[in-house]
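Just so you know, the protein sequences line up as chains A and B, in that order.
Taking numbering that gives the first Met the number 0, the leading residue of the first sequence gets 0, the next gets one more, and so forth.
Taking numbering that gives the first Met the number 0, the leading residue of the second sequence gets 0, the next gets one more, and so forth.
It cannot be assumed that every hint is accurate.
[Stated by the list, open to error] Beta-carbon label-pair distances, calculated as ranges:
#1 A/R20 / B/S144: 45 to 55 Å
#2 A/L133 / B/V13: 32 to 42 Å
#3 A/I762 / B/A102: 56 to 66 Å
[Said to hold, decoys possible] Simulated pairs of lysine to any residue, SDA-like, Cα-Cα distance not exceeding 25 Å:
#4 B/K27 / A/E124
#5 A/K449 / B/E185
#6 A/K560 / A/E581
#7 A/K449 / B/K40
#8 B/K40 / A/D26
#9 A/K449 / B/V263
#10 B/K27 / A/M705
#11 B/K27 / A/Y117
#12 A/K773 / B/R272
#13 A/K711 / B/E185
#14 A/K773 / B/P90
#15 A/K711 / B/D254
#16 B/K40 / A/A127
#17 B/K40 / A/K560
#18 A/K711 / B/A238
#19 A/K711 / B/Q103
Hints listed in this document are in silico derivations from the structure and should not be mistaken for laboratory results.
Glycine included, each C-beta is placed from N, C-alpha and C at the ideal position.
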Amino acid sequence: MARVLGTSIKRREDPALITGRGKYTDDLQAAGMAHAAIVRSPYAHARIRGIDTSAAEALPGVLAVLTARDVAAAGIPGVVPVGWLLPDLKTPAHPMIAADTVRHVGDAVAVVVAEDRYLARDAAERVAVDYEPLDAVADVVAALEDGAPAVHEDAPGNVAFDWEIGDRESVDAAFASAAHTVELDLRNNRLIPHAIEPRAVLASYDSSTGEMTIHMTSQNPHVHRLLMTLASLGMPEHKVRIVAPEVGGGFGSKIHHYADEAIVGLCSMKLDRPVKWTATRTETNLTDAHGRDHSTHCELALDADGRITGLRVDTAAAMGAYLSTFAPAVPTYLYGTLMSGQYDIPAIHCHVTGVFTHTAPVDAYRGAGRPEATYVVERLMHLAGEATGLGPVEVRRRNFVPPDAFPYQTQVALAYDSGNYGPAMDRALEMIGYDDLKTEQASRRGNGGKLIGIGFSSYIEACGLAPSAVVGSLGAQAGQWESADVRVHPTASVTVYTGSSSHGQGHETTFSQIVADKLGIDPEAVEVIHGDTDLVQFGMGTYGSRSAAVGGSAIVKSVEKIIEKGKKIAAHLLEASAEDLEYEDGSFRVAGSPDRALALGDVALQAYLAHNYPDDLEPGLSATSFYDPANFTYPFGTHVCVVEVDTETGSIELLRYAAVDDVGNVINPMIVDGQLHGGLAQGIGQALWENAVYDDSGQLVSGSLMDYAVPKIHNLIPFELDRTTTPCPHNPLGVKGVGEAGAIASPAAVVNAVVDALAPFGISHIDMPLTPEKVWRAVNS
Amino acid sequence: MYPAQFDYRRAGSVDEALGLLQEHEDAKLMAGGHSLIPMMKLRLAQPPVVIDIGRLDELKGISEAGGSVRVGSLTTHADIAASDVLAAHCPVFAEAAGHIGDAQVRNRGTIGGNIAHADPGSDIPPVLVLLGASVHLQSPSGTRSVAAGDFFQDLLMTDVGEDEILTHVDVPALGSGTGSAYLKFEHPASGYAVVGAAAAVTVQDGRCTAAGLVVGGVGAVPTTVDVSSLVGTDLSDDAIAAAASGLDAEDPIGDIFASGDYRVHVGKVYGKRALAAARDRA
Ligand SMILES: Cc1cc2nc3c(=O)[nH]c(=O)nc-3n(C[C@H](O)[C@H](O)[C@H](O)COP(=O)(O)OP(=O)(O)OC[C@H]3O[C@@H](n4cnc5c(N)ncnc54)[C@H](O)[C@@H]3O)c2cc1C
């Protein structure tokens with residue numbers, strides 16, 4: 000059997016997706032299906048004086064118009080829950096339909112159900128809501144100022160939480176005796192996830208059985224079911240089935256439980272008919288949980304040798320109008336804990352204020368907290384290279400956690416299990432031809448032409464979320480293990496049921512490779528089932544670069560159990576002792592007697608026939624496992640970006656982008672490269688183009704793709720990728736996760752490159768996105 | 000993104016289209032639909048009737064006669080970009096059309112729709128003004144033509160009357176010794192021009208005999224820059240920079256990506272670069 004792990008077999012998902020045969024939620028039709036349109040607030044903050052639904056109801060074909068009153072009358076909890084609690088977290092209620100106050104543009108105030116979606120939209124326009132507009136605050140810093148409009152009565156000063164990690168005093172001491180200090184005020188720009196498929200729900204309630212089937216765009220169907228049971232709809236868990244059909248990307252935005260899926264579910268219950276809702280792109284932009292949106296002051300202290308002695312970070316992190324599902328975790332446990340980067344930093348303190356604003360909620364978006372942390376650390380490292388005179392490479396090298404220091408306990412809770420940072424930097428320098436670039440940079444500086452800049456980002460991330468006990472102690476209201484049920488059929492083909500629900504990553508390909516490799520069979524003999532709460536045992540879903548590390552490990556565990564059981568069956572059939580059996584290349588063999596062997600198929604068939612079978616063994620050949628990781632995984636790497644800046648207009652051109660990533664063992668290199676490409680596009684997009692802008696009244700001015708610039712293929716360049724391999728020591732595959740690495744590393748690399756190019760102008764920082772106008776203004780100020 | 004209810008009528012001839020326009024108040028003509036339909040989906044336009052003129056072959060095509068090129072209003076951007084006739088006589092027109100959107104947009108969008116919509120970020124208007132094109136309109140009462148420079152009146156406002164159809168544009172061919180260029184500073188989100196500079200210069204015996212520069216994206220309508228100072232010069236970089244810096248806009252437009260001041264600045268830089276490119280091609 001040729002090796003399957005580590006080979007770029009083509010994605011089995013692609014033929015259907017590429018030829019347009021993938022079935023997404025909006026492609027599904029149900030008999031008797033009606034269509035919902037949600038009426039949304041045009042104001043960022045307003046009191047609802049009244050709602051007149053009569054004109055909408057009068058349109059022929061309109062089936063129902065529901066408001067908060069109907070939610071109350073339905074006797075359901077009717078609230079959208081938060082799933083991560085911090086100490087002293089303010090958790091103001093988030094009603095699924097606003098009753099008396101709207102708190103962001105896009106807040107749901109009513110829903111119309113009609114026979115077709117055009118009619119539903121027309122009717123939605125006829126719902127007359129009498130608003131009393133109130134003052135709003137959209138900016139995270141302004142929301143903290145005295146006298147700022149309050150988003151929630153029960154969250155004074157708009158503070159959702161006040162959180163810190165690390166040791167303030169030792170940091171103060173480090174700064175008091177520092178030889179060099181650098182500091183920075185930065186904004187981490189608010190982003191809109193922009194999955195290509197907008198969120199969609201098809202809810203089908205059947206009053207005769209009391210069962211509800213919800214097809215929806217979900218990254219974690221079981222979590223959605225649980226939250227709909229515990230909050231929002233309050234339905235018995237066993238009566239709800241959630242199915243995620245093909246899901247066209249999520250980047251985190253489809254983890255969360257939104258009001259919309261509960262609203263559509265309620266409509267279906269009311270009408271006893273299937274009801275479908277698909278967000279328009281405008282709705283998506285107004286209501287998908289956004290990402291980032293930090294305002295940060297940060298400082299780094301170094302000694303005379305350029306060794307870091309202290310890091311101080313103070314961040315105001317926008318939460319938006321309500322706490323989304325995992326929102327409080329993102330700027331805290333996925334941010335403050337990453338502040339050590341790849342460096343041995345003896346003293347760190349990070350303080351974060353979670354802030355309510357009259358905007359869409361902010362929650363996990365590709366990288367979730369780790370891009371923000373990397374941006375802080377790597378921007379400071381760039382400045383430290385300048386301040387110490389060591390330059391960007393040497394200052395990093397000098398501070399890397401040395402390879403013999405692992406496991407390495409940081410000052411901010413995490414214990415890095417493994418790492419070897421120098422080789423990734425070496426390789427990146429070699430790929431990019433650093434010395435030649437420096438020479439060219441110097442010569443261009445002399446001749447008045449376009450300037451070039453070289454930027455580094457040596458990142459670390461904690462992914463493979465996560466040890467359940469750890470996240471539980473940190474406030475998660477859920478475990479973070481993953482499950483796998485592996486069933487070997489009588490004819491030795493295999494079906495895997497995984498709790499890790501794919502939304503474009505290629506789980507079916509990757510997981511079949513794992514099983515094929517471990518069982519020594521053809522990947523084509525392995526089917527992978529995911530994304531259906533009726534088919535799959537409980538699972539936690541796909542986010543935090545966890546599918547391979549946690550979901551894949553659960554699969555390995557089940558395969559191991561199957562091999563153990565198979566050995567007992569084979570031993571019985573071969574009249575040998577199970578301890579003497581080995582499993583190799585798809586056969587059970589008696590050690591030392593190569594001719595005494597049975598193929599997996601012989602054993603599987605007997606497991607189901609059970610005609611000639613051990614007395615003490617149950618028939619069947621399947622195993623279910625729940626794998627809870629021992630630690631996070633810690634991918635790392637060094638990225639180098641080279642840009643050219645036209646100082647006359649401020650335009651930036653990407654010239655090169657080299658990324659050396661260490662994601663541990665690689666299952667499918669093509670899929671890993673694809674994940675990096677996508678992540679890099681999004682991270683570069685954040686650095687150069689993407690920006691969710693609210694005006695002072697809380698209107699989203701970048702609400703359409705005419706104003707919000709997602710990266711397009713012609714904006715990007717071919718990426719130069721390579722890897723080092725430091726396997727994860729605590730999971731059976733040695734894999735670490737790659738889904739977020741590109742988005743985590745790249746913003747800092749790009750900004751560092753631009754700032755490097757502009758060094759002759761004395762420019763040390765420009766906030767993202769680095770639009771030409773901002774660059775031009777910086778050059779001319 | 001669902002339009003309000005509307006009726007759809009397809010016209011089989013220009014006369015029929017004119018009749019339908021008369022018949023239905025507030026009706027909208029639809030050519031490629033690439034500006035109208037987005038407006039309708041956003042419900043910024045809610046015409047009760049849409050009159051599809053997309054199949055009127057009489058309004059399609061590019062031909063040259065007597066030193067002038069006629070381009071039918073339903074000619075697509077793709078056909079303009081690929082036209083040998085334009086490449087020979089007004090290359091800057093084809094060049095600008097090639098910068099519009101992506102291949103799908105160029106295959107559907109038409110010159111008539113583009114200029115009738117008159118988006119300030121459109122690539123075509125500055126070129127037509129530069130070339131001194133005339134825009135031809137037909138109504139039940141007859142035909143008329145208007146100079147491109149007068150056609151664009153304000154943001155999304157043109158000289159097309161409610162009962163009129165734009166039939167074609169006539170573009171004078173560029174003479175020998177003339178180089179032209181269109182340079183676009185693209186908006187990263189919409190792909191429209193933040194600034195688009197169209198320039199032409201004619202050189203005889205090493206001296207400039209005529210020069211023109213029109214910049215789009217800075218004002219509500221294309222801004223003509225007085226570059227007559229170039230006539231008689233050898234079109235040195237300095238002379239070009241000085242001429243382009245004459246760009247002036249009373250009330251420049253701006254958005255969250257690029258402010259008015261910045262657009263004026265980029266207009267000067269792109270104007271200079273477009274003039275230099277035109278010189279190098281002359
Ligand atoms: C994604 C995208 C990107 C684009 N990028 C660019 C770009 O980079 N640069 C650029 O310049 N443009 C761009 N456009 C606009 C494109 O050029 C459109 O095709 C053009 O603006 C409208 O042409 P149309 O034929 O589609 O007109 P339609 O949308 O059919 O009509 C537009 C308007 O013109 C009127 N109209 C149309 N034809 C006539 C006629 N013969 N007589 C009278 N009135 C008429 C209509 O009633 C309507 O009001 C883009 C469009 C899209 C969708």
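25 Å Cα cutoff - pair A/K711, B/D254: It holds: about 21 Å lies between the C-alpha atoms, which stays within 25 Å.
- prompt: Going straight from one Cα to the other, do A/K773 and B/P90 come out at no more than 25 Å?
  reply: 34 Å, violated
message: Check whether the Cα positions of A/K711 and B/E185 lie no farther apart than 25 Å.
response: Within the cut-off at roughly 13 Å; holds.
message: Checking one constraint from the list: CA of B/K40 to CA of A/D26, max 25 Å. Satisfied?
response: Measuring from Cα to Cα gives roughly 20 Å; hence the hint holds.
- request: Below or equal to 25 Å on CA atoms is what counts here, so check B/K40 against A/K560.
  value: Outside the cut-off at roughly 56 Å; violated.
message: Against the range 32 to 42 Å, how does the distance between the Cβ atoms of A/L133 and B/V13 compare: consistent or not?
response: 54 Å, violated
- prompt: Keeping to a limit of 25 Å between CA atoms, is the pair of A/K560 and A/E581 held or broken?
  reply: At roughly 14 Å apart (the allowed maximum being 25 Å), A/E581 and A/K560 satisfy the hint.
task: Would you check the hint for B/K27 and A/M705, treating anything up to 25 Å between C-alpha atoms as holding?
output: Cα-Cα ~23 Å, so holds.
query: Given the hinted pair A/K449 and B/V263, is their alpha-carbon gap at most 25 Å?
result: At roughly 21 Å apart (the allowed maximum being 25 Å), B/V263 and A/K449 satisfy the hint.
query: Are the Cα atoms of A/K711 and B/A238 separated by 25 Å or less?
result: Given pair A/K711, B/A238 is violated - Cα atoms ~37 Å apart, limit 25 Å.
- prompt: Can the restraint linking B/K27 and A/Y117 be considered satisfied, given a maximum Cα separation of 25 Å?
  reply: Holds - the C-alpha atoms of A/Y117 and B/K27 are around 20 Å apart, at most 25 Å.
- prompt: Within a Cα-Cα threshold of 25 Å, do A/K449 and B/K40 meet the stated pairing?
  reply: Given that 25 Å is the threshold and the Cα spacing comes to 42 Å, the pair is violated.
Checked against the numbered hints above, the structure breaks hints 2, 3, 7, 14, 17, 18 and satisfies the rest.
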